[in-house]
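> Model the full structure from these sequences, guided by the hints.
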Amino acid sequence: MLIKTRKPHHIGENEVTSESVYHARRHFMAGVAGLGMAAALPRGAWAASQYDDVEQGSRPEWFASRIENTKWKAVTAGEDDKLTPFNDATHYNNFFEFGTGKDDPYKHAGGMTTEPWTIEIDGEVARPGTLDVNQLLGEQQLEERIYRLRCVEAWSMVIPWMGVPLSALLKRVEPTSDAKFVRFQTLMRPEEMPGQRSRFGLIDWPYQEGLRMDEAMHPLTLLSVGMYGRVLPNQNGAPVRLVVPWKYGFKSIKSIVRISLVREQPPTAWPTINANEYGFYSNVNPDVDHPRWSQARERRLPNSLFSTNMIDTQMFNGYGDEVASLYKGMDLRKYF
Amino acid sequence: MRLWRCAVFVAALLPFLWWAGQVAMGQAGPEPGQYLLLNFGQCALILLLLTLSLTPLMKLTRWKGFALIRRQLGLWTFSYGVLHLTSYLLFILGLEFSALGEDLQRRPYIIVGFAALLMLLALAVTSNRYSMKRLGKRWKFLHRLVYIALALVLLHFFWVVRADMTQWSGYALAGVILMLLRIPVISRALGRVRPRKGSSSRV
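Protein sequence lines correspond, in order, to chains A and B.
For the first sequence, position 70 (counting from the first letter as 1) is numbered 70 according to the working numbering, and the numbering increases by one without interruption.
For the second sequence, position 145 (counting from the first letter as 1) is numbered 145 according to the working numbering, and the numbering increases by one without interruption.
Any given hint might turn out to be false.
[Claimed, not checked] Restraint ranges, calculated between C-beta atoms of paired labels, are given here:
1. Met165/B - Asn87/A: 28 to 34 Å
2. Asp204/A - Gln42/B: 22 to 28 Å
3. Tyr147/B - Arg292/A: 24 to 30 Å
4. Met165/B - Asp321/A: 37 to 43 Å
5. Pro291/A - Trp18/B: 30 to 36 Å
6. Trp18/B - Lys171/A: 53 to 59 Å
7. Thr166/B - Arg292/A: 15 to 21 Å
8. Ser169/B - Asp289/A: 26 to 32 Å
[Said to hold, decoys possible] List of simulated lysine to any residue pairs, SDA-like, C-alpha gap at most 20 Å:
9. Lys328/A - Arg212/A
10. Lys107/A - Gln27/B
11. Lys107/A - Val23/B
12. Lys102/A - Asp164/B
Since the hints were derived computationally from the structure, they do not count as laboratory data.
No experiment lies behind these values; they were computed from the predicted model shown.
In this text, a Cβ means the ideal position worked out from N, Cα and C, and glycines have one as well.
Here it is as structure tokens:
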């Protein structure tokens with residue numbers, strides 16, 4: 001139990017010190033790797049061991065070849081942000097393509113085929129094309145980033161994602177000067193996605209999301225392919241999803257098959273159903289309530305019957321220092 | 001008949017025991033309060049629909065057993081409704097009653113659910129023989145509140161739905177059918193399916 005200590009997540013981003021044994025070991029390992037002795041104990045093995053309660057799942061070539069060189073804990077969360085257990089992060093999801101129950105994605109997403117998988121890049125780019133996940137990641141080093149995830153339903157988790165900045169991909173495909181927004185699209189495959197077969201579903205499939213160009217280029221915006229040191233489980237949006245930590249979770253679209261650079265703000269799934277309740281920006285904002293519930297606080301999961309684990313919601317989910325400047329001069333009550 | 005009543009009692013208690021067990025064993029996911037809230041609420045709605053199906057069923061089959069469990073099922077409906085509200089107060093609000101005041105003012109689905117439960121409360125406290133005697137004719141009138149309660153419960157549920165209406169549509173359809181069966185013409189026809197004398201019209 002002592003070895004499993006989660007202390008590294010309690011350490012601020014810039015504060016890389018050797019306060020704990022665990023941390024000291026990490027420095028030592030880094031030193032070993034630096035001396036060219038990494039082969040003695042590959043860092044991939046180290047990565048797997050830090051999440052030893054996690055099922056490893058399949059390990060496709062594009063993942064296996066990159067894990068050794070992953071930059072672990074490139075971004076960490078706050079002192080009080082305890083990592084959500086893997087089991088909870090994978091058994092309590094909103095992925096409406098698989099049903100509306102929180103456990104529906106876990107129950108039904110296993111049937112989604114993720115290999116082969118291609119992502120179409122089109123629209124206002126100099127280099128459109130169809131890429132597989134390997135090509136999508138390119139030369140970019142995988143990074144582990146521990147982000148807070150705030151759902152619009154007023155619960156939250158803390159997840160160690162793995163991925164690359166979306167900006168790296170966008171730069172490579174060379175957006176034209178007309179590219180003002182990025183539109184994302186989830187897989188449309190009713191035969192594998194029961195939610196898409198529902199006759200009384202409200203979402204206009206395929207699920208679509210969008211970001212303004214500067215949001216998409218922001219260094220925090222992550223194109224994620226893994227979590228907890230492994231590939232994304234299907235219910236979490238395999239094989240590739242977006243993670244935008246300062247926005248409500250539904251902006252972080254899952255199982256992406258198409259990324260288009262467009263001139264106009266694209267229609268997105270939730271505002272299309274109900275524009276009064278969901279906006280295009282959907283930045284986490286404790287001052288603007290959802291019409292049906294307050295957004296001032298959130299339940300940090302897992303909680304228990306004895307404690308709701310209620311905490312105050314932070315503006316931009318606590319990423320204000322990094323992103324507030326994107327919205328300078330905007331009325332965030334109007335553009336919620 | 002006593003056995004039948006006991007069987008219904010146990011059957012209605014089982015869901016509560018099952019969900020409580022799931023929570024106790026850590027099988028209810030990372031948000032056990034929400035798990036209980038949703039299950040209790042849904043159970044209350046199902047029980048309400050079952051309660052309302054007893055009279056048409058009795059007319060159709062002439063089996064008195066259905067009438068015998070009507071009060072019990074009504075009380076179970078109320079009990080699961082109370083469990084639903086209690087889960088909300090304890091596990092979602094965390095007993096912050098200032099937030100409750102805010103919810104009641106601003107969130108219509110909570111007001112509607114609350115109103116429905118108050119109606120069920122009125123029915124529950126007047127479900128005994130003494131009240132029936134005392135209220136006389138007014139008792140029947142009072143207990144027609146159950147129809148309004150059903151409408152409010154369905155509205156409460158409707159306003160909570162986010163992405164898919166399938167489940168709600170099923171319950172609403174059942175509710176509509178049960179109401180249609182109470183239209184006098186249809187209700188009488190129901191009683192004639194098996195011609196025998198002595199049917200009493202009930203709520």
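> Now look at each hint and say whether the structure bears it out.
Results of checking the hints against the structure:
At about 31 Å, the CB distance of Met165/B to Asn87/A agrees with the hint of 28 to 34 Å. A hinted range of 22 to 28 Å holds for the C-beta pair Asp204/A and Gln42/B, which are about 27 Å apart. Between Tyr147/B and Arg292/A the C-beta distance comes to about 26 Å, which sits within the given range of 24 to 30 Å. At roughly 41 Å, the beta-carbon separation of Met165/B and Asp321/A lies within the given 37 to 43 Å, and the hint holds.
Range check, Pro291/A to Trp18/B: Cβ separation about 34 Å, and the 30 to 36 Å hint holds. Range check, Trp18/B to Lys171/A: Cβ separation about 54 Å, and the 53 to 59 Å hint holds. At roughly 20 Å, the beta carbons of Thr166/B and Arg292/A sit within the given window of 15 to 21 Å. Between Ser169/B and Asp289/A the beta carbon distance is about 28 Å. The supplied range of 26 to 32 Å therefore holds.
With a C-alpha separation of about 14 Å, the suggested pair Lys328/A and Arg212/A falls inside the 20 Å cut-off, and the hint holds. Our distance criterion of 20 Å between C-alpha atoms is met by Lys107/A and Gln27/B, whose separation comes to about 14 Å. Between Lys107/A and Val23/B, the direct Cα distance comes to roughly 19 Å. Compliance with the 20 Å bound is thereby established for this hinted pair. The straight-line distance between the Cα atoms of Lys102/A and Asp164/B is roughly 13 Å, inside the 20 Å bound, and the hint therefore holds.
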